[in-house]
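Undergrad: The lines below spell out each chain.
Protein chains: 2
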Amino acid sequence: MYRNNTCGALRASDIDSEVILSGWVHKVRDKGFVVWVDIRDRYGITQLVFDEDRTPKALLSKATGLGRETVIQIKGQVIERASKNPNIPTGDIEVLVAELQILNESILPPFTIEDNTDGGEDIRMKYRYLDIRRNPVKDNLIFRHKVTMEVRKYLSEEGFIEVETPYLIKSTPEGARDFVVPSRMNEGQFYALPQSPQTFKQLLMVGGMDKYFQIVKCFRDEDLRADRQPEFTQIDCEMAFVEQEDILNAFEGLTKHLLKEVHGIESKDFPRMTYDDAMRLYGNDKPDIRFGMEFGELNAVAQHKDFNVFNSAELVAGIAVPGGASYTRKEIDKLVDWVRRPQVGAKGMVYVKCNEDGTFKSSVDKFYDQEDLAKWAEATNAKAGDLICVLSGNTNETRAQLSALRMELAERLGLRKPNVFAPLWVIDFPLLELDEETDTYHAMHHPFTSPKPGQLELLETNPGEVKANAYDLVLNGNEIGGGSIRIHDKEIQATMFKHLGFTPEEAKAQFGFLMDAFQYGAPPHGGIAFGLDRLVAILGGQETIRDFIAFPKNNSGRDVMIDAPATIDDEQLKELHLKVDL
Amino acid sequence: MYRNNTCGALRASDIDSEVILSGWVHKVRDKGFVVWVDIRDRYGITQLVFDEDRTPKALLSKATGLGRETVIQIKGQVIERASKNPNIPTGDIEVLVAELQILNESILPPFTIEDNTDGGEDIRMKYRYLDIRRNPVKDNLIFRHKVTMEVRKYLSEEGFIEVETPYLIKSTPEGARDFVVPSRMNEGQFYALPQSPQTFKQLLMVGGMDKYFQIVKCFRDEDLRADRQPEFTQIDCEMAFVEQEDILNAFEGLTKHLLKEVHGIESKDFPRMTYDDAMRLYGNDKPDIRFGMEFGELNAVAQHKDFNVFNSAELVAGIAVPGGASYTRKEIDKLVDWVRRPQVGAKGMVYVKCNEDGTFKSSVDKFYDQEDLAKWAEATNAKAGDLICVLSGNTNETRAQLSALRMELAERLGLRKPNVFAPLWVIDFPLLELDEETDTYHAMHHPFTSPKPGQLELLETNPGEVKANAYDLVLNGNEIGGGSIRIHDKEIQATMFKHLGFTPEEAKAQFGFLMDAFQYGAPPHGGIAFGLDRLVAILGGQETIRDFIAFPKNNSGRDVMIDAPATIDDEQLKELHLKVDL
Chain A
58 MYRNNTCGAL RASDIDSEVI LSGWVHKVRD KGFVVWVDIR DRYGITQLVF DEDRTPKALL
118 SKATGLGRET VIQIKGQVIE RASKNPNIPT GDIEVLVAEL QILNESILPP FTIEDNTDGG
178 EDIRMKYRYL DIRRNPVKDN LIFRHKVTME VRKYLSEEGF IEVETPYLIK STPEGARDFV
238 VPSRMNEGQF YALPQSPQTF KQLLMVGGMD KYFQIVKCFR DEDLRADRQP EFTQIDCEMA
298 FVEQEDILNA FEGLTKHLLK EVHGIESKDF PRMTYDDAMR LYGNDKPDIR FGMEFGELNA
358 VAQHKDFNVF NSAELVAGIA VPGGASYTRK EIDKLVDWVR RPQVGAKGMV YVKCNEDGTF
418 KSSVDKFYDQ EDLAKWAEAT NAKAGDLICV LSGNTNETRA QLSALRMELA ERLGLRKPNV
478 FAPLWVIDFP LLELDEETDT YHAMHHPFTS PKPGQLELLE TNPGEVKANA YDLVLNGNEI
538 GGGSIRIHDK EIQATMFKHL GFTPEEAKAQ FGFLMDAFQY GAPPHGGIAF GLDRLVAILG
598 GQETIRDFIA FPKNNSGRDV MIDAPATIDD EQLKELHLKV DL
Chain B
58 MYRNNTCGAL RASDIDSEVI LSGWVHKVRD KGFVVWVDIR DRYGITQLVF DEDRTPKALL
118 SKATGLGRET VIQIKGQVIE RASKNPNIPT GDIEVLVAEL QILNESILPP FTIEDNTDGG
178 EDIRMKYRYL DIRRNPVKDN LIFRHKVTME VRKYLSEEGF IEVETPYLIK STPEGARDFV
238 VPSRMNEGQF YALPQSPQTF KQLLMVGGMD KYFQIVKCFR DEDLRADRQP EFTQIDCEMA
298 FVEQEDILNA FEGLTKHLLK EVHGIESKDF PRMTYDDAMR LYGNDKPDIR FGMEFGELNA
358 VAQHKDFNVF NSAELVAGIA VPGGASYTRK EIDKLVDWVR RPQVGAKGMV YVKCNEDGTF
418 KSSVDKFYDQ EDLAKWAEAT NAKAGDLICV LSGNTNETRA QLSALRMELA ERLGLRKPNV
478 FAPLWVIDFP LLELDEETDT YHAMHHPFTS PKPGQLELLE TNPGEVKANA YDLVLNGNEI
538 GGGSIRIHDK EIQATMFKHL GFTPEEAKAQ FGFLMDAFQY GAPPHGGIAF GLDRLVAILG
598 GQETIRDFIA FPKNNSGRDV MIDAPATIDD EQLKELHLKV DL
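Line by line, the protein sequences give chains A and B.
The numbers in the first sequence follow the working numbering, run straight up by one, and end at 639.
The numbers in the second sequence follow the working numbering, run straight up by one, and end at 639.
One or more hints might be untrue.
Calculated lysine to aspartate or glutamate pairs in the DMTMM-like style (CA-CA distance at most 25 Å, straight line) [said to hold, decoys possible]: (1) A:Lys-317 / B:Glu-214; (2) B:Lys-119 / B:Asp-108; (3) A:Lys-547 / B:Glu-162; (4) A:Lys-317 / B:Asp-394; (5) A:Lys-203 / B:Glu-215; (6) B:Lys-636 / A:Asp-638; (7) A:Lys-274 / B:Asp-620; (8) B:Lys-317 / A:Glu-207; (9) B:Lys-274 / A:Glu-244; (10) A:Lys-210 / B:Glu-207; (11) B:Lys-141 / B:Asp-87; (12) A:Lys-547 / A:Asp-303; (13) A:Lys-195 / A:Asp-284; (14) B:Lys-474 / B:Asp-620; (15) A:Lys-555 / A:Glu-494; (16) B:Lys-274 / A:Asp-620; (17) B:Lys-132 / A:Asp-303; (18) A:Lys-317 / A:Glu-536; (19) B:Lys-343 / B:Asp-333; (20) A:Lys-362 / A:Asp-303; (21) B:Lys-418 / B:Asp-394; (22) A:Lys-387 / A:Asp-422; (23) A:Lys-317 / A:Asp-196; (24) B:Lys-565 / A:Asp-422; (25) A:Lys-555 / B:Asp-620; (26) A:Lys-203 / B:Glu-318; (27) A:Lys-565 / B:Glu-162; (28) A:Lys-132 / B:Asp-303.
Which chain A residues face chain B? A few, computed with CB under 10 Å, are given here [what the hints assert, rightly or not]: (29) Arg-209; (30) Glu-244; (31) Lys-474.
Hints in this document: simulated from the structure, not taken from any laboratory.
We treat Cβ as the ideally placed atom computed from N, Cα and C, and that holds for glycine.
Extracted from the complex, chain A is given alone in its bound form:
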């Protein structure tokens, strides 16, 4: 038996017990006459003590020689600590060691196994198995487990069945790129790894499974932006005989359950906002509503004066920065520089200081009087002491720029509090998105998303205006889930494919099995998928998904620990009937 207690278990009530502990040497403090060794495992740290009076000389010297991260087993007696440590649960006791066995040595780790390590990101990823010994990483993984257990418990109790769908499926040119898997048994043919189980979950609805979910890995071979992973995990869900309202209620319930179980938060009903309103008020389809700073549109009050920059703009919009009237000229200049960075791309910024005495001081006093500026303040909901920042130009670009500025300022002002959770449903997404390069429409969500009732005709006349039964769940400015009511009618589906530029033959080749299935009595259905990595990170009060994945890949899609991907040998290629052609 390696242990009868963990290193986090012993308390004052255990004093006098004989215990066996196993774990890693966390720290050795050698005072000569007394040696303290902290022994660590997943559950905590216990202080071991060896001293001149009570410890045989050989044992004392063995303890003195213990290196960090050595794996040891000890037997000893729990005793009261002379100087208690109220900061750790085992702080009242220590263990007077009678026997010490070294189970495994450790060479010097490349970084310290401490909450605040001296190791940089690269070295910690290469030695991820050591990084995981650190509380911040270990706790994140345990937190992830807790969240997924709660998801499964909740959905299962709500009658959802977790069904495993296949990983070796078929490549479709649609959407982001598939990873493919050559088949040895079927020469020259390839499986594909799923980008999502979308078609399978719809087939399960055709199959009468009624309520499906799955926590499942998905794969996307796309150029990796920061904090994207080529393999990622979804909570994938689908329900039959539902309308949008049923789905929103079901998964609002799940999210409330998680906030309650994980943080003890009782949530009110989640607010809902249309996509159009989200874009108008926040310039963003995933607004962070932990704070205000909604956009005020100023066209009506700022145009038709002599300021040509505004007059020629499609949109003039501003936000009120709380307390910003006190910014110095230098600080404001820096803010102007910030919005002009290529990543943001604004040409310039107009500002208005709302002075405490009710007067205004702006960068465009030449063109606007106090009365004009008072209207701006009203439109942006600015109060005395605030700074109004105004951007202008093309509507979409201006909204994106102002949204970036809003987020940046909120970050600086400490308004994006990690322990505050502000969920929001964004609904009524456009069905189609115009690809301006090719001047073709593609599905904003995916090609099975149903248009809003009565809007099918618009597809012919004004496809960009058609709204979908599609919705996102947004949490603290991040899209954590998204879904739609699907098309279950094969005529409507055929119309959709036509508008997405598929010939009937192409549609059949790619989605034939789904369209075939829909001939046999497909029920009305819809669903949602949550990005688990991000959901867990945000619930954990953080934003970097990599910190919540045990063995993540870097931005080049490489696992630097195991050094993958790698070349494979010619024999293996030959069996797969493949040649590498660089």
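Using the hints, position chain B against chain A.
TA: Leaving out everything else, chain B in the frame of chain A:
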């Protein structure tokens, strides 16, 4: 709202309620003046009624025209049935329909959606989404969900953390063949799909995760034997600071929990048997102990007479077939033919009838007298009325043949009862297995399996005799789980690699990251992996894993529903820097 009740919910207590139901038309019985329609969903079947007296004519005729599998929504009133059906939970009531809406039509399904369908395996697989509507398949998938939920609940409550390990890993030539995944971003390089998360779970132990589990897909590109799948699901587990006893106890606990939750069975402690005993008594390392018929070894009592077939055999062994003394000559001849089939491969079979009067009648009476045969009966534990079947020859072959005969006879005698569960631990597996073709040893379990304490020296002198800290959990003659205590000492690991024929360079190239990790204080650890597909099938009282997989592949590794694998287009190949070379 599509429904306010499911089709399995309504009872006598709901009589007079107004209800809305949605589902599929299961059956229409048209008596002219009255039409009954069974409406079906995941939860059950409810009888709808339309009749001349109470139903408007148009509605009655609409009901008459309903085709099977049409998706409908109805509103109506729950009424008491005239002739109740005690065989279904909704059998006391029917719904008098006031409104009927057709939600979706169905063309004629290729087979009937009934428990006993007229559809063969091939057609059901092609239209799996329709097959899933059938209770036997649907119930299996729901059963699978229930089992996995219980696994997760139990392990989670026992302190295990589910950690997701990566799917895009690195190919190793070791063991069965990897599926590989070309990387677009890393030209000419490949990921591999995991055959198991073995190395990652060991790294998690090095990382201090202490107790890990994961229900995870694994992949093996090997020639498919019947009832194997290229992608399969494991319950993968690992624990640190454990000895074999700790693992057996932990997972015996899990298995008992499942038997209790799923079947209400309170299990006694599971018997344990060494590999050597299992081979000696059952000719099999996964004996079905729902019934006896243990082997009796007869060398001592059957050799050194004049029967040369036995005298020249390495092993003479028999089993007692309960009640077999009554078999006719013709039946016994058929049994002899059976063991001589190429799939079994015995040269012949000797038999002894144990007559009710205590005498014996054998096929070798020329060579053995009654006293000899009494000794055979004693050795095989045969009773009056039994038939002793005796095979002989090379030990391994004879055991395999006799094991096949034992299983066949048990099947015929109805001794393999699907609702009886007989778990068994088989322990002390050999560490190495001789590959007779190449005369080299390879790891029976895998190369990280630790030898039994004190047996390391045998590796030099008699490697085939070394026993491992390896164990299988057997249920009803199927290996449902297997594992081992791992080597955590890098010296022992190096010795193992040497005996497995790896040069230090080869070992480093393949397992370098694991061996590196072991330098930093690897704890003693061990684990087990359960084959979930098989576990669920056996707990479900069946043996075909395909019946418990939503979308299985056929014996050629093809998904006939989506027609995968398939060719991919040249553009995609070019991006991956690959050429197909048939």
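Undergrad: Can you confirm whether the C-alpha distance between Lys-317 (chain A) and Asp-196 (chain A) stays at or below 25 Å?
TA: holds (19 Å)
Undergrad: Below or equal to 25 Å on CA atoms is what counts here, so check Lys-141 (chain B) against Asp-87 (chain B).
TA: holds (18 Å)
Undergrad: Does the structure keep Lys-387 (chain A) and Asp-422 (chain A) at a Cα separation of 25 Å or less?
TA: holds (19 Å)
Undergrad: Grab the minimum C-beta distance from Glu-244 (chain A) to chain B and call the hint holds if it beats 10 Å, violated otherwise.
TA: Check passed: Cβ of Glu-244 (chain A) comes within 6 Å of chain B, closer than 10 Å.
Undergrad: Is it true that the CA of Lys-565 (chain A) sits at most 25 Å from the CA of Glu-162 (chain B)?
TA: Holds. Lys-565 (chain A) to Glu-162 (chain B) sits at ~20 Å (cutoff 25 Å).
Undergrad: Sort out whether Asp-284 (chain A) lies within 25 Å of Lys-195 (chain A), counting only the CA atoms.
TA: holds (19 Å)
Undergrad: Would you mind confirming whether the straight-line C-alpha gap from Lys-555 (chain A) to Asp-620 (chain B) stays at or under 25 Å?
TA: The hint holds at about 24 Å.
Undergrad: Are the Cα atoms of Lys-474 (chain B) and Asp-620 (chain B) separated by 25 Å or less?
TA: violated (37 Å)
Undergrad: Just to be careful, I want the Cα atoms of Lys-555 (chain A) and Glu-494 (chain A) compared with a cutoff of 25 Å; is the pair within it?
TA: holds (19 Å)
Undergrad: For the pair supplied as a hint, Lys-362 (chain A) and Asp-303 (chain A), confirm whether the alpha-carbon distance does not exceed 25 Å.
TA: Since the Cα atoms of Lys-362 (chain A) and Asp-303 (chain A) sit roughly 50 Å apart, the hinted pair is violated (cutoff 25 Å).
Undergrad: Given the hint that Lys-317 (chain A) pairs with Glu-536 (chain A), does the C-alpha gap stay at or below 25 Å?
TA: holds (20 Å)
Undergrad: Taken at face value, is the distance from the CA of Glu-162 (chain B) to the CA of Lys-547 (chain A) at most 25 Å?
TA: Between Lys-547 (chain A) and Glu-162 (chain B) the Cα gap is close to 10 Å, so the pair holds against 25 Å.
Consistency note: the structure conflicts with the earlier hints numbered 4, 14, 20, 24 and 31.
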